[in-house]
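Protein chains: 2
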Amino acid sequence: MVTIREVAKRAGVSVATVSRVLNKKGYVSPKTREKVEQSIHDLKYKPNDVARSLFKGKSKMIALLVPDIMNPFFPELARSVEDICNSYGYTFVLCNTDHSIEKELAYLNALQQKSVDGLIIVSSTLTGEHTKEINVPIISLDRTFDTNLSNVKSNNRQGARLAAEHLKVIDCKVIAHITGPENASNTEERKQGYLDVVKDEEWFSTDYIVSGDYNMQKAKDAIKKLLLEHPEIDGLFVGNDVMGAGALKAIEELEMQVPHDISIIGFDGISLGETTTPTLTTVAQPIYKMGSRAAELLIEQINDPDIPKKTVEFPVELIERQSTRKRR
Amino acid sequence: MVTIREVAKRAGVSVATVSRVLNKKGYVSPKTREKVEQSIHDLKYKPNDVARSLFKGKSKMIALLVPDIMNPFFPELARSVEDICNSYGYTFVLCNTDHSIEKELAYLNALQQKSVDGLIIVSSTLTGEHTKEINVPIISLDRTFDTNLSNVKSNNRQGARLAAEHLKVIDCKVIAHITGPENASNTEERKQGYLDVVKDEEWFSTDYIVSGDYNMQKAKDAIKKLLLEHPEIDGLFVGNDVMGAGALKAIEELEMQVPHDISIIGFDGISLGETTTPTLTTVAQPIYKMGSRAAELLIEQINDPDIPKKTVEFPVELIERQSTRKRR
Numbered sequence: 004m005v006t007i008r009e010v011a012k013r014a015g016v017s018v019a020t021v022s023r024v025l026n027k028k029g030y031v032s033p034k035t036r037e038k039v040e041q042s043i044h045d046l047k048y049k050p051n052d053v054a055r056s057l058f059k060g061k062s063k064m065i066a067l068l069v070p071d072i073m074n075p076f077f078p079e080l081a082r083s084v085e086d087i088c089n090s091y092g093y094t095f096v097l098c099n100t101d102h103s104i105e106k107e108l109a110y111l112n113a114l115q116q117k118s119v120d121g122l123i124i125v126s127s128t129l130t131g132e133h134t135k136e137i138n139v140p141i142i143s144l145d146r147t148f149d150t151n152l153s154n155v156k157s158n159n160r161q162g163a164r165l166a167a168e169h170l171k172v173i174d175c176k177v178i179a180h181i182t183g184p185e186n187a188s189n190t191e192e193r194k195q196g197y198l199d200v201v202k203d204e205e206w207f208s209t210d211y212i213v214s215g216d217y218n219m220q221k222a223k224d225a226i227k228k229l230l231l232e233h234p235e236i237d238g239l240f241v242g243n244d245v246m247g248a249g250a251l252k253a254i255e256e257l258e259m260q261v262p263h264d265i266s267i268i269g270f271d272g273i274s275l276g277e278t279t280t281p282t283l284t285t286v287a288q289p290i291y292k293m294g295s296r297a298a299e300l301l302i303e304q305i306n307d308p309d310i311p312k313k314t315v316e317f318p319v320e321l322i323e324r325q326s327t328r329k330r331r
Numbered sequence: 004m005v006t007i008r009e010v011a012k013r014a015g016v017s018v019a020t021v022s023r024v025l026n027k028k029g030y031v032s033p034k035t036r037e038k039v040e041q042s043i044h045d046l047k048y049k050p051n052d053v054a055r056s057l058f059k060g061k062s063k064m065i066a067l068l069v070p071d072i073m074n075p076f077f078p079e080l081a082r083s084v085e086d087i088c089n090s091y092g093y094t095f096v097l098c099n100t101d102h103s104i105e106k107e108l109a110y111l112n113a114l115q116q117k118s119v120d121g122l123i124i125v126s127s128t129l130t131g132e133h134t135k136e137i138n139v140p141i142i143s144l145d146r147t148f149d150t151n152l153s154n155v156k157s158n159n160r161q162g163a164r165l166a167a168e169h170l171k172v173i174d175c176k177v178i179a180h181i182t183g184p185e186n187a188s189n190t191e192e193r194k195q196g197y198l199d200v201v202k203d204e205e206w207f208s209t210d211y212i213v214s215g216d217y218n219m220q221k222a223k224d225a226i227k228k229l230l231l232e233h234p235e236i237d238g239l240f241v242g243n244d245v246m247g248a249g250a251l252k253a254i255e256e257l258e259m260q261v262p263h264d265i266s267i268i269g270f271d272g273i274s275l276g277e278t279t280t281p282t283l284t285t286v287a288q289p290i291y292k293m294g295s296r297a298a299e300l301l302i303e304q305i306n307d308p309d310i311p312k313k314t315v316e317f318p319v320e321l322i323e324r325q326s327t328r329k330r331r
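Chains A and B supply the protein sequences, listed in that same order.
Counting the first sequence from 1 gives a position; this note's numbering is that position plus 3.
Counting the second sequence from 1 gives a position; this note's numbering is that position plus 3.
None of these hints come from the bench; they were simulated from the model.
This one's a predicted model, so the numbers in the text were calculated from it and none came from an experiment.
Any given hint might turn out to be false.
Pairs count within a copy or across copies, as identical chains cannot be separated in the list.
Below, computed lysine-lysine pairings styled on DSSO-like, alpha-carbon distance capped at 30 Å [stated by the list, open to error]:
1) Lys-117 / Lys-61
2) Lys-28 / Lys-47
3) Lys-221 / Lys-28
4) Lys-252 / Lys-221
5) Lys-171 / Lys-221
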């Protein structure tokens, strides 16, 4: 790859002069311009985005930080962000943070060094303290970790209410809830929605709320233990679909039948829920729309850093599949 | 973000001079150096990778082109490539090409403009004609599309033989094969491995080979049609696990039992195969190792463009789960 420096050297001018010719900005004498253009031609130099980004302080790069692209919720989010990046000419950078604050901070530092233009972050561990030093726009996605940032999410509390209400409607007598990681904002919102519906029920006890950490294996183990201790449970609202798949495996191992003995509702609406047997009833978020809205909002803020921050909350919907009994 | 240009302006020197100070290369008088350093200090300028990449022609960026990150084979590959990028200080760029040659060429062009240092490409549509103009190292991954490039793959033909042999060992009398897209090199290799084992069988007919395009829904539809026309089929070697999930759904809708009436083996070894009921017997590729080896090989070539190209072929293994009958 020919560099701008080689072009400058061959033309006998400074890098800044080559840049002025390339960007058509500032005064360059006709004679110098001709020398630079000849040098560009001779070396087959392609004026590249790196050169442009140096002089504009912009890289036309957007980064998405997610806990782990291998969790099947995130590929759909990544896809939608990348589609918008691509259509606006931004390069899409993906970072896996593993819920580690050290990794998150290392990425934030490295991405600033790369002059990334903006960040979309899914995090349960960052706070406003960590992001206040970042001088490019940031959108928090899926989870709210800093109320000073623009935020794109779904209505988790309402979704959880839909799930718990539906389990009541199909005559579940005791409804348990499997939660996500403690520090994730959507864990708390989904738990609150569940509590809104069940906390005044005669049967209710906090023993029916256990954590599965949004993880299939952890949820499977927690649910087996819970159902052995509490055989009265006949409805499960599981905080995401990955844990829903774990719930199905747990119940299969206990030789119980879904939905005959127990009905299950997940959350997210990822395609995994259509491949399980039985298929998983779920509260579906518009995942693709959430990712693309976050990317659009970020590009608006990159173009105009002064536009007011906003929170966009998408509605959710219950999708009935085979893991819940039919209504009478 | 403070730019190098602002630093140069404040110090009253050229951008090239600031660069020489930052990179500790070339002569700068002590007085000028002091002015530049004062300007860097006053403006709180952080010498960034963009400035460095401009002068070195390197961006410390690696891009991975995949058909679609939402196909569950690719997140694991993306994760492993990103892990290696991160550990070597490279930024990881992800591009979804949708098997579209137009999108692939547009990305190749855009990434060259960004001075990307190297490319890892999963493609069934590109050829050597398209990549010969690219002047950064390229690794082809999973599929071979240009024999002049280094290539990382698994032993697809041997894997297909393992699958077909296993179906014979468990007494399947008629074994069908569902293939991937016609132009993918691994479709052909897997088909050849299947043929190696069954082509001389008395029952064999090419009617038992149908395409599912590595797509769950297409495979499901194709398999329903095939089994209705050929009820004698009692073994299915399905070219990837996503189509294996489609096969399970097709057979469920036909009210047949897996593995009692028909045994199924997939390919890939993605985690999806553990969430289906029954779980899916599969030929597992070491996906994470393939991605990380490709990234390491690419970084070697970035550091030394003259090292010889090589092909790395990983062994595969059969993982027996519930979708195949037990051996007698």
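Results of checking the hints against the structure:
1. Lys-117 / Lys-61: both (9 Å within a copy, 12 Å between copies)
2. Lys-28 / Lys-47: both (22 Å within a copy, 26 Å between copies)
3. Lys-221 / Lys-28: Neither way: Lys-221 and Lys-28 sit 59 Å apart in one copy and 54 Å across, limit 30 Å.
4. Lys-252 / Lys-221: Answer is both: 12 Å inside a copy and 27 Å across each meet the 30 Å cutoff.
5. Lys-171 / Lys-221: within (26 Å within a copy, 37 Å between copies)
This entry does not satisfy hint 3, going by the numbered hints stated previously; all others are met.
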